[in-house]
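*Asks:* For this one, chain A is given, so just place chain B on it according to the hints.
Listed in order, the protein sequences are those of chains A and B.
Numbering-wise (the numbering used here), the first sequence opens with residue 1 and increments by one.
Numbering-wise (the numbering used here), the second sequence opens with residue 1 and increments by one.
Because the hints were derived from the structure by calculation, they are not lab data.
Glycine residues also receive a C-beta, built at the ideal position from the N, C-alpha and C atoms.
Heads up, some of the hints might be wrong.
Some residues of chain B that are not near chain A, with every Cβ distance over 12 Å (derived) [as the list claims (entries may be wrong)]:
| hint | residue |
| --- | --- |
| 1 | I109 |
| 2 | L117 |
| 3 | Y174 |
| 4 | T178 |
| 5 | I185 |
| 6 | R234 |
| 7 | E236 |
| 8 | K255 |
| 9 | S257 |
| 10 | G262 |
| 11 | V284 |
| 12 | D302 |
When the alpha-carbon atoms are kept at most 25 Å apart in a straight line, the in silico SDA-like pairs for lysine to any residue are as follows [claimed, not checked]:
| hint | chain 1 | residue 1 | chain 2 | residue 2 |
| --- | --- | --- | --- | --- |
| 13 | A | K95 | B | F177 |
| 14 | A | K76 | A | S45 |
| 15 | A | K13 | B | L172 |
| 16 | A | K19 | B | E180 |
| 17 | B | K86 | A | E62 |
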Amino acid sequence: MQASRARLFKEYKEVQREKSVDPDIQLVCDDSNIFKWTALIKGPSETPYEGGVFQLAFAIPEQYPLLPPQVRFLTKIFHPNVHFKTGEICLDILKNAWSPAWTLQSVCRAIIALMAHPEPDSPLNCDSGNLLRSGDIRGYQSMARMYTRLAAMPKKG
Amino acid sequence: MANQAEASPRKRKALDSELGMEAAVATDMKQLEAEEAAAIVLNPSNSVGAGASGSREVFPEEYDWSCCRDDDIMQQQAAIREEAIKIPFVGDKEPLSSLAAEFESGSPILKEKIRLLAEQYTALRRTRGDGNCFYRSFMLAYLEHILETQDIAEAKRITGKVEQCKNTLQSLGYTEFTYEDFFSIFMEQLESVLQGKEASISMEELLSRSRDQFVSDYVVMFFRFVTSGEIRKRAEFFEPFIAGLTNTSVDQFCKSSVEPMGEECDHVHIIALSDALGVAIRVVYLDRSSCDKGALAVNHHDFVPTASADESSDTPGNSTEPFVTLLYRPGHYDILYRR
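With the rest of the complex left out, here is chain A (with noise of 0.2 Å):
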């Protein structure tokens, strides 16, 4: 608990210190909660995310950094990864792939990376996954496109 909470500090004057070196992550940590942040994350460009702006949600364990932290989308987003519903990401890191060498911040890179390289054989969302598995690229490109202009980009009017 006590080096969790030293870790976690570490990484959130890093966070403060950095600000600007990452321009597609803003990083926040719950004023009252140091194992609550939330995360707001730029679509990668070139993808059907470019121009949305996503919400993430950071539940971090006692063990930390030995265990990963819990992390969900909030934004609804349409990726072979994510639940549609519950906003939960399937990827390696947050799982069994784990290991003190991430931070928070290079959990958020590499869900941008995911975000932009789906991995549609381990789907959570299987809708997703079966489009991109029958290659029907642009089917799945304008549900994304259309799930990133309803739900993460600034409603126009």
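*Replies:* Same frame as chain A, now just chain B:
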């Protein structure tokens, strides 16, 4: 679904063999050996019949593998984990006769090898089979040695090495705060086994710390960082071994098979850790291999650190016999104690 899809190549291989994709070679000595060892490691208290007969019941030849689904695999993995946590991270020192008792109904080759082992070694200490057994064995064997010998020169030497490892990680671009806590927990343990200080600890305390989840896991993670740093630093040297082992890049290998907790240790890891810290490690192999001619012998391999260029030839510990001695049974490491 997700679990299986994400399994590392090595884990996937293990799954495949559990699924019986290699059922055709069930008579293959190696596989039987591995199963036998796994059964033993999981259930060391079961002294009689824990060997081959037990494992055959788990995987009967006529087993219908088609009904083995993700759920079953996950259930089995959970059962393995449950079984593993019944054993403390590191056990008590046991006489070698407990090993003999365990194999009483086992293969005659193993029984003979255990007899030979008893000529050189008096005791063993078991470790939990959770994928970290090599690092945990190494941790306790090393710190116990320092505690007993009070070898201040060796402690000084390894302190210098640890400092170098830190620099290695830094120059590889690791963020300092991601590894520094693990380094300081190890250094704390090293300093406290040296006597005559306020923070000095006894063997009992060392043992209880090795069984403490926080200290034990942090030291394991320290070794994982050190191992990963050494492999990356000498990527050119390690690359062909890694390619032969997993067919992945050095970077990917370190990320998926070295740094995460619970990832088992292979020769590559041992070489890297031994080199990085400059500590020789003897691994004694207890398996069913034998040769036709001549008497049966227990094989061992000494991992002797290669002296790096910046060191003079008087590096202590290199010329003498390794003081860290581990017993390897396919898939698992325990600590061995010399006569």
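*Asks:* Hints the structure violates: just list their numbers, smallest first.
*Replies:* As far as the earlier hints go, 3, 4, 5, 8, 9, 10 are violated by this structure, in ascending order.
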